[in-house]
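**Student:** Turn these sequences into a full structure, and let the hints guide you.
Take the position in the sequence shown, starting the count at 1, then add 1; the result is the number in my numbering.
Derived from the structure by calculation, the hints contain no laboratory data.
As the structure is a computational prediction, the values presented were derived from the model and not from experiment.
The C-beta atom is built at its ideal place from N, Cα and C for all residues, glycine as well.
Heads up, some of the hints might be wrong.
As the list claims (entries may be wrong) - Label-pair restraints from in silico Cβ distances:
no.: 1; residue 1: 223; residue 2: 336; range: 54 to 62 angstroms
no.: 2; residue 1: 99; residue 2: 144; range: 20 to 28 angstroms
no.: 3; residue 1: 391; residue 2: 53; range: 46 to 54 angstroms
no.: 4; residue 1: 301; residue 2: 175; range: 44 to 52 angstroms
no.: 5; residue 1: 394; residue 2: 100; range: 34 to 42 angstroms
no.: 6; residue 1: 271; residue 2: 98; range: 32 to 40 angstroms
To be verified - Derived DSSO-like pairs (lysine-lysine); straight-line CA-CA distance at most 27 angstroms:
no.: 7; residue 1: 164; residue 2: 135
no.: 8; residue 1: 74; residue 2: 131
no.: 9; residue 1: 88; residue 2: 56
no.: 10; residue 1: 327; residue 2: 56
no.: 11; residue 1: 115; residue 2: 131
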Amino acid sequence: MGQLIHLRCERCGAPTEASDPPWIRCPSCGSIAGFDFTSSAESPEYAEFMRRSMKDPQGYVKRWQDHDAAVVKAAQTFHKSPEKGLKQAAEAAEFLIDETPWAMPTAAKHDSGKREAYKLWLGFELMQHKLPGKYPGLQLKLNEAAAAVGFGANENPLPAFEKMLDVLREMSDERERLGGPPDPEGLSVEGRLRVTVSQMVAGYIRMVSPDLQLALLRRIYGDDAISAVDISGQDYSVYFDWECPQCGLFSPHVPQADKLTCPGCYCTRRVDFESMDAVAVICHGCGSRLELAAKQLSCKCEYCGSQVKRFVRQGDAQREVIAEVKRGIAAANNFSYEEMMAESDGFGVTPENRLERLRDGLVRIAQWYNFGITPTRMAGFARASLPGEDAVNVDALLADAQAVAAHEVQQGHGDPKAVKLLEMARQRLAGK
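**Tutor:** Structural data, given as structure tokens:
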């Protein structure tokens, strides 16, 4: 679903814009109004954040451990001297500002006054999680709500989202009760809560169905601030689908992938984001297979009415970092990056073993992605991989995959969630 967010600055009333991505900002007075997670993941700052963590994982963990220890020390000092404790916490908060792209707006990092205001604001927040009181318990409730939302497999995550929003409001109210440094942007309690919620919830937007996306955004920004452009089942996922040129299996892949591996026959291909050739796609709204002609960008699903789009290139920032890491691994082990990225036809596919390859691929999809795809999506992979076949044959393929997954559980190396996902996919295929 395409959404337009029409926000007005709460300080001066001017229309806001995303001119400082990922921050939604007022061009008149500079105040922030929200956070765009999608553009955040594509930003140079996020790429640099990934680069630091992937190139030196041990150093990355150590930096965060040192940061946590500094916050604990600040909380201990706070018991004796609140002023000194807050000052120490503010210094610890500088790590967040320098290390992450989401602690404060990028442009404000170079404003010494704004930077100091954010250090105090963030330091106070960090310290509350280490002090006796409501904050530690509220953080546990927030973690539980986030876990209940899931990562795309929950077919009805809205109650968990509502719980998440309620906890964030409780935390905002508790901070207001405790007092502390003023808001660094001069926002009201409601204005800051809206920014915090947009940061926390925005990362989950693409994990819920299109109708719930709209409801959730309106819950954050208000009914008048959100308008739907169209309905698109393709926005209902953190993965894009790929049809294997060898066995024809459809499988999910992350947008930042640079090389795709079929979980059925292990055929590998480099990602070609420039191609506008004819392609088959899956409607994420109902799981149906649809065909896009050459240069056709979208079509309407004839079954559920969703707008289904060709996958649009994204993830370049992360993909560039991943390529750098792969080149480093190749150099350290005396082989080339090109060798690592070489394409392969995998195990090979024949008319006699194709169904077996599809079955094994569905089992692996269920095992690897059961936390991130719905039963409808799982049924869609099977249906799209058997174009022209009736529901009986598609169900037989899923049943075979379910039996293999169950056998692997009995052998002690399978995942019961994979068996459940395949079972529910069969139910969705049957209209249940």
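**Student:** Compare the structure with each hint and give your call.
**Tutor:** Structure-based check of each hint:
| no. | hint | verdict |
| --- | --- | --- |
| 1 | 223 with 336: 54 to 62 angstroms | holds (55 angstroms) |
| 2 | 99 with 144: 20 to 28 angstroms | holds (25 angstroms) |
| 3 | 391 with 53: 46 to 54 angstroms | holds (52 angstroms) |
| 4 | 301 with 175: 44 to 52 angstroms | holds (47 angstroms) |
| 5 | 394 with 100: 34 to 42 angstroms | violated (53 angstroms) |
| 6 | 271 with 98: 32 to 40 angstroms | holds (37 angstroms) |
| 7 | 164 with 135 | holds (17 angstroms) |
| 8 | 74 with 131 | holds (9 angstroms) |
| 9 | 88 with 56 | violated (32 angstroms) |
| 10 | 327 with 56 | holds (10 angstroms) |
| 11 | 115 with 131 | holds (25 angstroms) |
Hint violations for this structure: numbers 5, 9, all remaining hints satisfied.
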